[in-house]
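Okay, here's what each chain looks like letter by letter:
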Amino acid sequence: MKEKLYKWIFTVLAFASLIFLIGIVIVLFKEALPIFQEVKPLEFILGKAWYPTYSPPEFGILPLILASIWVTFGAILVCVPLGVGSALYLHELAGQRQRAILKPLIEILASIPSVVYGFFGMVILTPLLQNIFHLPTGLTALNASLILGIMATPTVSSLADDALSYVPKSFREASFAIGANRWQTLTQVVIPAAGSGISTAIILGMSRAIGETMTVLMVAGGAAVIPHSFLEPVRPMTAAIAAEMGEAPMGGSHYHALFAIALILFLTTFVFNIIAEMISRRFRIKLGLSR
Amino acid sequence: MKVLSKVLTLALLAFGLTIPCYAEKIVVEGSTTVLPIAQKIAEMFMNNDPDIDISIRGGGSGVGIASLIDGTCDIGNSSRPIKDIELDKAVTNGISPKANVIAMDGICIIVHPSSSVSALNKKQIKDIYAGALSNWKQLGGSDEKIVIISRDSSSGTFEAFGALVLEGGKVRSDALMQASNQAVASIVSRTPGAIGYVGLGYVTSSVKAVDVDGVKASKETVLSNKYPIARPLFMYTNGTPKGLVKQFIDYILSPEGQKLVEEEGFVGLK
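Going line by line, the protein sequences match chains A and B. Oh and the first sequence: position 80 is 80 in the numbering used here, straight run, nothing missing. Oh and the second sequence: position 148 is 148 in the numbering used here, straight run, nothing missing.
Some hints could be false.
What the hints assert, rightly or not - Within a straight-line C-alpha distance of at most 30 Å, the following computed DSSO-like cross-link-like pairs (lysine-lysine) qualify:
(1) LYS126(B) / LYS145(B)
(2) LYS98(B) / LYS83(B)
(3) LYS48(A) / LYS242(B)
(4) LYS208(B) / LYS219(B)
(5) LYS123(B) / LYS48(A)
(6) LYS270(B) / LYS122(B)
(7) LYS40(A) / LYS145(B)
(8) LYS170(B) / LYS259(B)
(9) LYS98(B) / LYS242(B)
(10) LYS216(B) / LYS30(A)
(11) LYS286(A) / LYS103(A)
(12) LYS83(B) / LYS208(B)
(13) LYS208(B) / LYS259(B)
(14) LYS246(B) / LYS216(B)
(15) LYS30(A) / LYS40(A)
(16) LYS246(B) / LYS123(B)
(17) LYS25(B) / LYS246(B)
(18) LYS242(B) / LYS122(B)
(19) LYS48(A) / LYS170(B)
(20) LYS48(A) / LYS259(B)
(21) LYS98(B) / LYS246(B)
(22) LYS30(A) / LYS103(A)
(23) LYS48(A) / LYS219(B)
(24) LYS208(B) / LYS246(B)
(25) LYS48(A) / LYS145(B)
(26) LYS259(B) / LYS246(B)
(27) LYS122(B) / LYS40(A)
What the hints contain is simulated information worked out from the structure, not anything from laboratory work. Predicted model only: the values in this text are computed from it and were never measured.
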């Protein structure tokens with residue numbers, strides 16, 4: 001009797017997150033779709049002017065999409081070398097003690113609240129970039145990229161580390177047995193074997209970077225303009241939603257447009273996560289691990 | 001076990017008895033500009049009468065008015081008048097929003113303290129924000145690119161600025177749109193070529209407020225309507241205020257309340 005009750009309780013708990021997900025998806029679609037009665041979807045996505053509160057309003061989110069892409073791409077350039085590099089070091093070179101210290105430290109990076117990162121970017125990085133590049137303002141895509149890159153590093157690092165540790169010992173031993181040295185084993189055997197796992201890590205890192213809000217709101221500058229260089233202020237999608245939602249009149253077209261941006265963001269990270277899942281599934285099969 | 005159940009019963013009883021005392025509860029929500037006023041007033045109000053529970057939330061003018069329309073708050077704070085679309089929605093919901101002006105807010109034009117420009121006219125400010133003027137040289141300052149800092153286009157401050165200065169014109173798209181008054185002030189204080197605008201209450205010594213049309217922004221010039229960029233701040237209620245809501249708004253409008261309004265950096269109505 002008791003057992004049944006527990007089983008029932010945990011079943012409900014397990015399905016609760018599914019219900020939340022479905023609820024969120026329904027609300028997103030319900031609140032986002034009305035904007036497309038006013039603006040054609042293509043005009044919405046490819047429009048170059050974001051002036052949501054003027055009359056007549058202009059709802060073109062291309063600058064916002066490009067800003068998100070630029071900032072995420074910049075973050076990748078930072079977090080892939082840092083994350084994958086640190087994972088390789090941790091896994092291949094670090095001794096037990098170093099590993100015991102370094103791994104938790106890298107993971108602490110993940111637990112720092114994003115507003116703290118944002119504050120760091122505003123107070124330390126902004127004047128620094130301003131002086132180095134002689135910019136009118138240091139609140140730029142570069143600033144956001146650097147901070148997001150650091151923020152995504154622990155995600156990439158710990159997932160890549162997991163991927164490396166999934167490579168069966170026998171692969172390595174076989175490689176050593178035919179006379180390959182450590183470097184050859186690493187580059188010819190271990191990395192290719194863990195490759196798709198590492199790709200998964202990178203994609204999930206991207207997911208993390210594109211969805212990050214507080215930091216980009218604080219350091220990206222917030223100008224809704226199509227970016228031409230990393231040294232210009234940009235306004236990623238998340239920043240636009242966070243900054244404008246509180247003041248947008250409920251039920252108005254601006255409100256629906258912000259939900260439509262949220263929908264696009266959701267679909268993007270959804271696709272990222274599916275790709276990551278697919279790659280990692282194939283990776284496990286390849287290595288002969290149960291799925 | 002017996003003791004525990006006794007304690008529980010007592011606790012429940014005590015809880016049950018206290019509830020009627022807290023019957024008077026109001027929710028105040030909305031504009032972050034009005035938020036500090038509402039907070040300060042609520043504090044004083046609850047100190048004067050501990051049986052009262054006033055819950056204060058920010059969120060923005062849009063949220064304040066939306067909550068009033070949904071009936072989830074008693075007072076909706078707003079730094080802009082209600083819009084037609086919101087009014088329509090209110091009527092559908094059987095709510096009749098009433099505007100209560102509680103204070104005035106002057107919007108200050110601020111620049112970096114090192115700037116040599118200390119006075120601008122409204123036309124120049126409009127041209128700067130629209131993009132016709134892009135270098136401080138064109139305004140008698142040093143040869144430096146103007147970095148434009150603005151509030152987000154959906155904020156009440158932007159709306160007031162847009163109506164009073166831009167007259168419906170657009171802000172150039174590469175302006176840095178910031179989510180709060182503090183963010184604008186802090187960026188301007190750190191960026192030599194920057195210009196921004198904030199509520200009178202957010203002007204600190206780390207930025208320089210410029211004169212507009214030859215008038216210095218101050219309480220006196222805002223109240224006497226001499227300063228050109230000023231706006232009223234609202235607390236919207238459902239119909240004529242009654243009961244605790246009326247007491248709350250009356251308190252703000254009392255000399256004591258208006259003194260608190262001034263302490264928060266806004267301009268009292270008297």
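Hint by hint, here is what the structure shows:
For the suggested pair LYS126(B) and LYS145(B), the alpha carbons sit about 16 Å apart, so the restraint of at most 30 Å is met. With a C-alpha separation of about 13 Å, the suggested pairing of LYS98(B) with LYS83(B) holds against the 30 Å cut-off. Proposed proximity of LYS48(A) and LYS242(B) is contradicted: the alpha carbons are some 49 Å apart, above 30 Å. A threshold of 30 Å between alpha carbons decides the hint, and for LYS208(B) with LYS219(B) the separation of about 17 Å falls inside it, so the pair holds.
At most 30 Å may separate the alpha-carbon atoms for a hinted pair to count; LYS123(B) and LYS48(A) meet this at roughly 27 Å. Proximity of LYS270(B) to LYS122(B) is assessed by CA-CA distance (about 27 Å); at most 30 Å being required, the pair is judged to hold. With a C-alpha separation of about 37 Å, the suggested pair LYS40(A) and LYS145(B) falls outside the 30 Å cut-off, and the hint is violated. The hinted pair formed by LYS170(B) and LYS259(B) fails the criterion: a straight-line CA distance of about 37 Å is larger than 30 Å.
At most 30 Å may separate the alpha-carbon atoms for a hinted pair to count; LYS98(B) and LYS242(B) meet this at roughly 12 Å. For a cut-off of 30 Å, the pair hint linking LYS216(B) to LYS30(A) is broken: about 49 Å separates their Cα positions. For the suggested pair LYS286(A) and LYS103(A), the alpha carbons sit about 27 Å apart, so the restraint of at most 30 Å is met. In summary, the hint linking LYS83(B) to LYS208(B) is not supported, as the alpha carbons are separated by about 33 Å, beyond the 30 Å threshold.
Restraint check: the Cα-Cα separation between LYS208(B) and LYS259(B) comes to about 25 Å, which is no more than 30 Å; the hinted pair holds. Note on LYS246(B) and LYS216(B): the hinted pairing is violated, with a Cα-Cα distance of about 35 Å set against a maximum of 30 Å. Restraint check: the Cα-Cα separation between LYS30(A) and LYS40(A) comes to about 17 Å, which is no more than 30 Å; the hinted pair holds. At most 30 Å may separate the alpha-carbon atoms for a hinted pair to count; LYS246(B) and LYS123(B) exceed this at roughly 42 Å.
Straight-line distance between C-alpha atoms of LYS25(B) and LYS246(B) comes to about 13 Å, which keeps the hinted pair within the 30 Å bound. Proximity of LYS242(B) to LYS122(B) is assessed by CA-CA distance (about 41 Å); at most 30 Å being required, the pair is judged violated. With a CA separation close to 14 Å, the supplied pair LYS48(A) and LYS170(B) stays within the 30 Å bound. Only pairs whose Cα atoms come within 30 Å are accepted, and LYS48(A) paired with LYS259(B) is rejected, the gap being roughly 47 Å.
Using a Cα cut-off of 30 Å, the hinted pair LYS98(B) and LYS246(B) holds, with the two alpha carbons roughly 12 Å apart. In summary, the hint linking LYS30(A) to LYS103(A) is not supported, as the alpha carbons are separated by about 43 Å, beyond the 30 Å threshold. Taking the CA atoms of LYS48(A) and LYS219(B), the gap is about 41 Å. The hint is violated against a cut of 30 Å. Of the pairs offered as hints, the one joining LYS208(B) and LYS246(B) is violated, with about 39 Å between alpha carbons and a cut-off of 30 Å exceeded.
The straight-line distance between the Cα atoms of LYS48(A) and LYS145(B) is roughly 24 Å, inside the 30 Å bound, and the hint therefore holds. Restraint check for LYS259(B) and LYS246(B): the C-alpha separation of about 19 Å stays at or below 30 Å, so the hint holds. Simply put, LYS122(B) and LYS40(A) have alpha-carbon atoms about 37 Å apart, too far for the 30 Å limit, and the pair is violated.
In the structure shown, a violation is registered for the earlier hints numbered 3, 7, 8, 10, 12, 14, 16, 18, 20, 22, 23, 24, 27, in ascending order.
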